[in-house]
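Colleague: Sequence:
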Amino acid sequence: MTVDVWLTAVIGVVPLVGWLLWWWNDIWYGLVMTTLRPSKGSNKLPPGHMGLPFLGETLTFLWYFRFLRRPDDYINSKRQKYGDGIGMYKTYLFGRPSVITFLPETNKYVLRTTESFILKWANPDLVGKMSLVAVHGKAHLRIRSFVIRSINQPDALRRIAIAAQPRMISALQSWVKRDKITSYDEIKKVSFENICKYFASFEPGPTLDQLKEHLAGMLTGFRAYPLNIPGFTFHRALQSRRKAQAIFREELDKRRRKNDGRNDAMNDLLDGLMNLKDEEGNNLSDTEVLDNITGILLAGYESTVIVTMWAIYYLAKCPEVLERLRDENMVLKKCKNEQLVTSDEILKLEYTMKVVDESIRLANVSTFIFRTTTQDIEYKGYTIPKGWNMVVWLRNVHVDPKNYNDPLCFNPDRWDGSILPENFQAFGGGPRICAGNMLARLQIGLFLHHMSTGYKWELVNPEAKVNYLPIPKPEDGLEITIAKL
Numbered sequence: 029m030t031v032d033v034w035l036t037a038v039i040g041v042v043p044l045v046g047w048l049l050w051w052w053n054d055i056w057y058g059l060v061m062t063t064l065r066p067s068k069g070s071n072k073l074p075p076g077h078m079g080l081p082f083l084g085e086t087l088t089f090l091w092y093f094r095f096l097r098r099p100d101d102y103i104n105s106k107r108q109k110y111g112d113g114i115g116m117y118k119t120y121l122f123g124r125p126s127v128i129t130f131l132p133e134t135n136k137y138v139l140r141t142t143e144s145f146i147l148k149w150a151n152p153d154l155v156g157k158m159s160l161v162a163v164h165g166k167a168h169l170r171i172r173s174f175v176i177r178s179i180n181q182p183d184a185l186r187r188i189a190i191a192a193q194p195r196m197i198s199a200l201q202s203w204v205k206r207d208k209i210t211s212y213d214e215i216k217k218v219s220f221e222n223i224c225k226y227f228a229s230f231e232p233g234p235t236l237d238q239l240k241e242h243l244a245g246m247l248t249g250f251r252a253y254p255l256n257i258p259g260f261t262f263h264r265a266l267q268s269r270r271k272a273q274a275i276f277r278e279e280l281d282k283r284r285r286k287n288d289g290r291n292d293a294m295n296d297l298l299d300g301l302m303n304l305k306d307e308e309g310n311n312l313s314d315t316e317v318l319d320n321i322t323g324i325l326l327a328g329y330e331s332t333v334i335v336t337m338w339a340i341y342y343l344a345k346c347p348e349v350l351e352r353l354r355d356e357n358m359v360l361k362k363c364k365n366e367q368l369v370t371s372d373e374i375l376k377l378e379y380t381m382k383v384v385d386e387s388i389r390l391a392n393v394s395t396f397i398f399r400t401t402t403q404d405i406e407y408k409g410y411t412i413p414k415g416w417n418m419v420v421w422l423r424n425v426h427v428d429p430k431n432y433n434d435p436l437c438f439n440p441d442r443w444d445g446s447i448l449p450e451n452f453q454a455f456g457g458g459p460r461i462c463a464g465n466m467l468a469r470l471q472i473g474l475f476l477h478h479m480s481t482g483y484k485w486e487l488v489n490p491e492a493k494v495n496y497l498p499i500p501k502p503e504d505g506l507e508i509t510i511a512k513l
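Here the sequence shown is numbered in the numbering used here, starting from 29 and rising by one per residue.
Just so you know, the hints here were simulated from the structure itself, not pulled from any lab data. There may be inaccurate statements among the hints.
Estimated spans, in silico, between C-beta atoms of each pair [stated by the list, open to error]:
| # | residue 1 | residue 2 | range |
| --- | --- | --- | --- |
| 1 | 449 | 165 | 22 to 28 Å |
| 2 | 187 | 303 | 38 to 44 Å |
| 3 | 80 | 208 | 42 to 48 Å |
| 4 | 370 | 82 | 52 to 58 Å |
| 5 | 504 | 263 | 26 to 32 Å |
| 6 | 207 | 157 | 43 to 49 Å |
| 7 | 270 | 59 | 36 to 42 Å |
| 8 | 267 | 503 | 24 to 30 Å |
Pairs of lysine-lysine residues, derived as DSS-like cross-links and limited to a Cα-Cα distance of at most 25 Å, are as follows [said to hold, decoys possible]:
| # | residue 1 | residue 2 |
| --- | --- | --- |
| 9 | 305 | 148 |
| 10 | 166 | 364 |
| 11 | 361 | 382 |
| 12 | 136 | 408 |
| 13 | 240 | 208 |
| 14 | 345 | 512 |
| 15 | 414 | 136 |
| 16 | 512 | 208 |
| 17 | 72 | 414 |
| 18 | 345 | 484 |
| 19 | 109 | 430 |
| 20 | 484 | 382 |
| 21 | 362 | 382 |
| 22 | 484 | 205 |
| 23 | 217 | 484 |
| 24 | 240 | 157 |
| 25 | 286 | 305 |
| 26 | 362 | 484 |
| 27 | 157 | 271 |
| 28 | 361 | 512 |
| 29 | 414 | 157 |
| 30 | 217 | 271 |
| 31 | 362 | 376 |
| 32 | 240 | 225 |
Glycine residues also receive a C-beta, built at the ideal position from the N, C-alpha and C atoms.
All chains should be modelled from the sequences, with the hints used to inform the complete structure.
Modeller: In structure tokens form, the structure reads like this:
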């Protein structure tokens with residue numbers, strides 16, 4: 029065969045191979061649906077592109093999130109190409125065929141239709157198969173009810189508010205003694221110490237430092253490709269989980285030896301889980317206790333840290349908002365004979381709560397959450413096959429100009445009562461809405477109260493770039509200079 033013939037063959041084959049690779053997942057899953065699917069309903073998938081074999085749209089996702097640092101353009105590019113349509117797009121992300129929902133009504137439909145869309149955590153081995161976010165039915169209701177009573181009801185919030193403030197006040201006093209501080213790290217330290225205290229009665233020290241390191245390692249795995257192979261992020265996250273649980277297992281054994289079989293009154297969340305019983309009177313297994321204390325602790329402080337950090341950023345950028353916040357909180361402070369304020373007082377500060385909610389909206393800590401179809405779902409002429417991943421894209425709801433006027437502007441006044449409930453989905457929705465939503469708002473409000481009434485601050489790098497994976501935060505961790513008023 030001559031060189032010309034070889035060259036012609038290569039020129040003809042290479043584009044064909046490239047085309048097949050580009051459309052492989054669309055062809056494969058479309059073929060599987062039409063030939064092997066037992067259901068006799070529609071075989072039409074939602075619009076979209078499923079990408080390359082095995083990788084799917086992972087490279088496209090990383091392109092927008094990590095390299096361009098424009099996460100909203102990932103969805104916007106699809107909206108421009110396919111239109112809003114039914115508010116769903118097919119794709120292949122995180123190792124699974126998936127459908128993205130991104131409009132308020134489609135997100136709401138998925139989150140509330142719990143019999144058809146169940147929560148199967150993207151990485152159940154990482155979060156714990158017996159944890160609150162992974163179990164269903166009576167087990168979920170029992171643990172969720174306990175958690176809400178323990179951390180999200182008025183009496184619990186009052187206790188937590190008093191317990192949390194001394195560390196906040198001490199931390200702020202220590203910040204002014206330094207030239208500058210990295211607010212993400214410092215807020216994280218305070219929040220972690222507080223939450224470990226009233227969740228598991230852990231005091232600052234080597235054990236707490238180790239636990240913080242292990243939980244940080246776990247966090248890196250939640251948006252990682254699920255490859256449990258040495259050297260990969262997900263594998264390291266699983267190792268961090270095992271080390272974190274070893275610390276809690278040692279604590280369980282210590283408490284049992286101390287109690288010597290006695291059923292003492294609950295002192296913290298960990299004790300409560302140890303004493304919690306099912307409908308037949310049986311205690312939770314060690315696996316259930318360990319999975320839940322690890323998962324609740326992990327979820328309980330990271331999101332609050334991120335929102336508090338962004339609130340500090342927005343207030344530094346918007347001095348008129350900071351001035352109104354400070355004025356409202358100064359009135360409360362002058363009415364007090366002590367430094368500590370109550371949860372009832374903080375939650376009644378109207379403008380402060382608007383600042384908190386606006387910070388939560390713009391921070392978008394959870395870009396998306398996951399559900400899985402339990403059966404073939406017919407939705408407005410399209411089919412979502414059984415076992416597919418549902419990627420409920422919360423972020424788009426909060427930055428869509430159709431839902432918010434000038435959505436990227438920090439404007440607490442937009443919360444004067446005109447926000448539709450379905451346009452605020454930062455805590456999820458349906459029966460699995462975040463069990464600690466009021467606790468999160470309270471902790472942010474407490475921190476802003478003490479910071480705004482006693483201190484002034486400036487951003488060291490006001491134009492710092494933002495990293496969006498695994499969580500949105502400035503590259504410098506939000507360095508600030510801070511001084512007393």
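Colleague: Give a verdict on every hint.
Modeller: Tested hints:
Against the hinted window of 22 to 28 Å, the Cβ-Cβ separation of residue 449 and residue 165 comes to about 27 Å, which satisfies the hint. In this structure the supplied range 38 to 44 Å is violated for residue 187 paired with residue 303, their Cβ-Cβ distance being about 18 Å. Evaluation of the 42 to 48 Å hint for residue 80 and residue 208 yields a pass: the beta carbon distance comes to about 44 Å. At about 54 Å, the beta-carbon gap between residue 370 and residue 82 stays in the expected band of 52 to 58 Å.
Distance hint check for residue 504 and residue 263: the Cβ-Cβ separation is about 29 Å, which falls inside the suggested range of 26 to 32 Å. Residue 207 and residue 157 have their C-beta atoms about 47 Å apart, which keeps the hinted 43 to 49 Å range intact. Checked against the hint of 36 to 42 Å, the C-beta distance between residue 270 and residue 59 comes to roughly 40 Å, which is consistent with it. Checked against the given bound of 24 to 30 Å, the beta carbons of residue 267 and residue 503, roughly 27 Å apart, stay inside it.
At most 25 Å may separate the alpha-carbon atoms for a hinted pair to count; residue 305 and residue 148 meet this at roughly 24 Å. Distance check on the hinted pair: residue 166 and residue 364 sit about 45 Å apart at the alpha-carbon level, beyond 25 Å; violated. For the hint linking residue 361 to residue 382, the alpha-carbon distance of about 19 Å falls within 25 Å, and the restraint holds. Restraint check: the Cα-Cα separation between residue 136 and residue 408 comes to about 15 Å, which is no more than 25 Å; the hinted pair holds.
Our distance criterion of 25 Å between C-alpha atoms is met by residue 240 and residue 208, whose separation comes to about 23 Å. Distance hint between residue 345 and residue 512 is fulfilled; the C-alpha atoms sit about 19 Å from each other, no more than 25 Å. Distance check on the hinted pair: residue 414 and residue 136 sit about 19 Å apart at the alpha-carbon level, within 25 Å; holds. Simply put, residue 512 and residue 208 have alpha-carbon atoms about 13 Å apart, close enough for the 25 Å limit, and the pair holds.
Under the criterion of a C-alpha separation no larger than 25 Å, the hint pairing residue 72 with residue 414 is consistent with the structure, at around 14 Å. Our distance criterion of 25 Å between C-alpha atoms is met by residue 345 and residue 484, whose separation comes to about 12 Å. Taking the CA atoms of residue 109 and residue 430, the gap is near 18 Å; set against the 25 Å cutoff, the hint holds. Restraint check for residue 484 and residue 382: the C-alpha separation of about 20 Å stays at or below 25 Å, so the hint holds.
Annotation: proposed proximity of residue 362 to residue 382 holds, straight-line Cα distance about 21 Å (limit 25 Å). Taking the CA atoms of residue 484 and residue 205, the gap is near 14 Å; set against the 25 Å cutoff, the hint holds. Simply put, residue 217 and residue 484 have alpha-carbon atoms about 21 Å apart, close enough for the 25 Å limit, and the pair holds. Distance hint between residue 240 and residue 157 is fulfilled; the C-alpha atoms sit about 22 Å from each other, no more than 25 Å.
For the proposed pair residue 286 and residue 305, the alpha carbon gap of about 21 Å is at most 25 Å, so the pair holds. Between residue 362 and residue 484 the CA atoms are separated by roughly 18 Å; this keeps the pair inside 25 Å, and the hint holds. Of the pairs offered as hints, the one joining residue 157 and residue 271 holds, with about 17 Å between alpha carbons and a cut-off of 25 Å not exceeded. Distance restraint check for residue 361 and residue 512: the Cα-Cα separation of roughly 16 Å lies within the 25 Å cut-off, and the hinted pair is therefore satisfied.
Distance check on the hinted pair: residue 414 and residue 157 sit about 21 Å apart at the alpha-carbon level, within 25 Å; holds. Taking the CA atoms of residue 217 and residue 271, the gap is near 19 Å; set against the 25 Å cutoff, the hint holds. Simply put, residue 362 and residue 376 have alpha-carbon atoms about 16 Å apart, close enough for the 25 Å limit, and the pair holds. The suggested pairing of residue 240 with residue 225 holds, with an alpha-carbon distance near 13 Å, which does not exceed 25 Å.
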